[in-house]
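Protein chains: 2
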Amino acid sequence: MTVIGEIGERGLIERILKKIEYKSERVILGIGDDSAVLSHCQENKMLVFTTDMLHEKTDFPEILTPEDIGWMSVAVNLSDLASMGATPLCFLASLGLREDMSLNNFDGIIDGINECCNEYEVEFVGGDIDRHSELTIVGTAVGEAERIVKRGGANAGDLLCTVGCLGGSAASLNITKENKEMGDDLRRAIRERISVKKPRVREGIEIGKFATSSIDMSDGFAASLYEISDKSGVGFVVEFDELPVDPLVSDNDLDDLLYGGGDYGLLFTVREDEMGNIEEIEEKEISVVGRATERREIILRRDGIERVIERRGYDHMVKR
Amino acid sequence: MTVIGEIGERGLIERILKKIEYKSERVILGIGDDSAVLSHCQENKMLVFTTDMLHEKTDFPEILTPEDIGWMSVAVNLSDLASMGATPLCFLASLGLREDMSLNNFDGIIDGINECCNEYEVEFVGGDIDRHSELTIVGTAVGEAERIVKRGGANAGDLLCTVGCLGGSAASLNITKENKEMGDDLRRAIRERISVKKPRVREGIEIGKFATSSIDMSDGFAASLYEISDKSGVGFVVEFDELPVDPLVSDNDLDDLLYGGGDYGLLFTVREDEMGNIEEIEEKEISVVGRATERREIILRRDGIERVIERRGYDHMVKR
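As given, the protein sequences belong to chains A and B, one line each in that order. Going by our numbering, the letters in the first sequence line up with residues 1 to 320, in that order. Going by our numbering, the letters in the second sequence line up with residues 1001 to 1320, in that order.
Here chain A stands alone, though its shape is the one from the complex (with noise of 0.2 angstroms):
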């Protein structure tokens, strides 16, 4: 088996470039030199940036195939931008690497990073690679929009939305911890919740056009709710029976549904008039799950019964 310690910094590169597909008219200078150049910019639009740090014990559990790992390190870039309503334009990532890692595992890494750049079309424009102790993955998304989403833009009054199914990574996550014997289909469902198959990019851009607050659910739905809540200004109520929930979350696993963190769905108000034209997008898998109110209160509505959501979620900096 060879390690990439063999390769050397400057073979490595040589084989990224290789494999790098997709190339955008907008880069003028990619990998391969100090820094990464993009033409300037159409003269209606703003710049959007993002960096993600993920690395091997708190991202990538062992479920994940090297490939999954790459596509994740952009993907939830991309999830960043989506939630601004950016378009992506291109990616560079920072690559610690342990010296003992196989060069198959480069390659395949380096193949998902590809992916995800050709499916979303953004080019893979530079980066760094580095000797580390633990596999750590620093990506950066560069994107462009005319009009940006905040989080803080949500009024009183404001229907309140859903990309994507909520619990699943955290649910995931708990399976894999069980330990249990998986079939392949498990296993797929698994590995896609986790790396984030479905960055919401496309979405993104479309409600970005309408929404007035909007942010991903990375940190779990709840802390993204105190997040839309403080900065915006106002309260939730959400109707329990509207929550997309995701198939493999356990029946009635609140915790997973509400405070999970890693589904990177987006979460979105929008006024109500403008509510046709999100409905109008098409790849959606949009849920309307309650209304943002003038009482700073988040308040979660079941059976004719309400209780205020807790406000907690995924902590970076706390251990689980």
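Read the hints as simulated data drawn from the structure, not as lab findings. Incorrect hints may have been included.
[Stated by the list, open to error] Among the chain B residues that face chain A by a calculated CB cut under 8 angstroms, a handful are:
(1) V1037
(2) L1047
(3) M1053
(4) S1094
(5) D1128
(6) H1132
(7) E1134
(8) T1136
(9) N1174
(10) I1215
(11) N1277
(12) M1317
[Claimed, not checked] Computed cross-link-like contacts, PhoX-like style, restricted to lysine-lysine with a CA-CA straight-line distance of at most 20 angstroms:
(13) B:K1045 <-> A:K45
(14) A:K284 <-> A:K198
(15) B:K1018 <-> A:K231
(16) B:K1177 <-> A:K18
(17) B:K1057 <-> A:K57
Every residue, glycine too, gets a C-beta built ideally from N, C-alpha and C.
Once you've looked at the hints, dock chain B against the given chain A.
For chain B alone, coordinates are given in the frame of chain A:
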């Protein structure tokens, strides 16, 4: 002692927000949303991006203070922009932190980031915070340029120039490894070299108007020469007596001088008839050290004797 694991992600972000000083008119949305947003760029300018991973075991020897580490994580990225001739605009940082890091050390790192951003008028606009087994900081810098300088533009006959001294960072690491008693002055000199106290931002912008090729010398003088040589299709003759040797380099330690990594000076080429413009640049520590040749060899001339400079330097994937 308070450790950051007690504070949580949100608390740490609040602390960062209180410390950030430099605000740019170009930034529409900074820390606190899913992405950072910049207003559209001027029509005639290109956008330039770079990202760099630093981590404890490889990049932060014990002599560095938390402030040095924060400064360095910005400066290495500004250096990459400088080598393209780009003006930096904003900075993002993914912080991988041990949960038992003291809050004091965290504050120190943020102070260092803030200080470097202030010095070069760069806004700290976002990033990510994550628990990690090893302190890992991945910075991303965004800049713009009217004209960019690549590694591949040197022509035979061009003058070869450096900004800054050679070998200082490698010599500094050697001194710290010898564990000698150190006075305050030496200690400071070493910290300044390792933590890239002088990224060549202003020089890079000025040189970028005239240079035919450019690179930062972070992987060593020889490796950087070979990069320009390979990409430009030229060789070089280097005059030993003209090399700006860092005062910390031991007499005749050719290894530190030619092959030592971690010096973030610039190496560039310029047409001889443009050299007058370069000489007018202020704050300069510019040396003319040789000339590009049609012959593809890279030669060091010393006391009338010519020998080939070896093709080696700092490889981030190979253990030292």
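Okay, the hints, checked on the actual structure:
The closest approach between the C-beta of B:V1037 and any C-beta of chain A is roughly 5 angstroms, which is under the 8 angstroms cut-off, so the hint is satisfied. At about 4 angstroms, the closest approach between the beta carbon of B:L1047 and any beta carbon in chain A falls short of 8 angstroms, and the interface hint on this residue holds. Of the supplied interface hints, the one on B:M1053 holds, with its beta-carbon coming within about 4 angstroms of a beta-carbon of chain A, less than 8 angstroms. A hinted interface residue such as B:S1094 counts as satisfied when its beta carbon comes closer than 8 angstroms to some beta carbon of chain A; here the least separation is about 4 angstroms, so the hint holds.
Annotation: interface hint on B:D1128 holds; nearest CB of chain A at approximately 5 angstroms, less than 8 angstroms. Interface hint status for B:H1132: upheld, as the beta-carbon distance to the closest one in chain A is roughly 6 angstroms, under 8 angstroms. Interface hint at B:E1134: satisfied, since its Cβ lies 5 angstroms from the closest Cβ of chain A, which is below the 8 angstroms cut-off. This hint holds: B:T1136 has a C-beta 6 angstroms from the nearest C-beta of chain A, less than the 8 angstroms allowed.
For the restraint placing B:N1174 at the interface with chain A, the shortest Cβ-Cβ distance is roughly 20 angstroms, beyond the 8 angstroms limit, so the hint is violated. This hint holds: B:I1215 has a C-beta 6 angstroms from the nearest C-beta of chain A, less than the 8 angstroms allowed. Using the Cβ-Cβ criterion of 8 angstroms, the hint placing B:N1277 at the interface with chain A is not satisfied: the shortest such distance is roughly 22 angstroms. Taken as an interface hint, B:M1317 checks out: its beta carbon lies about 5 angstroms from the nearest beta carbon of chain A, inside 8 angstroms.
Using a Cα cut-off of 20 angstroms, the hinted pair B:K1045 and A:K45 holds, with the two alpha carbons roughly 14 angstroms apart. Restraint check for A:K284 and A:K198: satisfied, since their Cα atoms lie roughly 11 angstroms apart, inside the 20 angstroms limit. This hinted pair checks out: B:K1018 and A:K231 have alpha carbons roughly 17 angstroms apart, not beyond 20 angstroms. At most 20 angstroms may separate the alpha-carbon atoms for a hinted pair to count; B:K1177 and A:K18 exceed this at roughly 40 angstroms.
Distance check on the hinted pair: B:K1057 and A:K57 sit about 18 angstroms apart at the alpha-carbon level, within 20 angstroms; holds.
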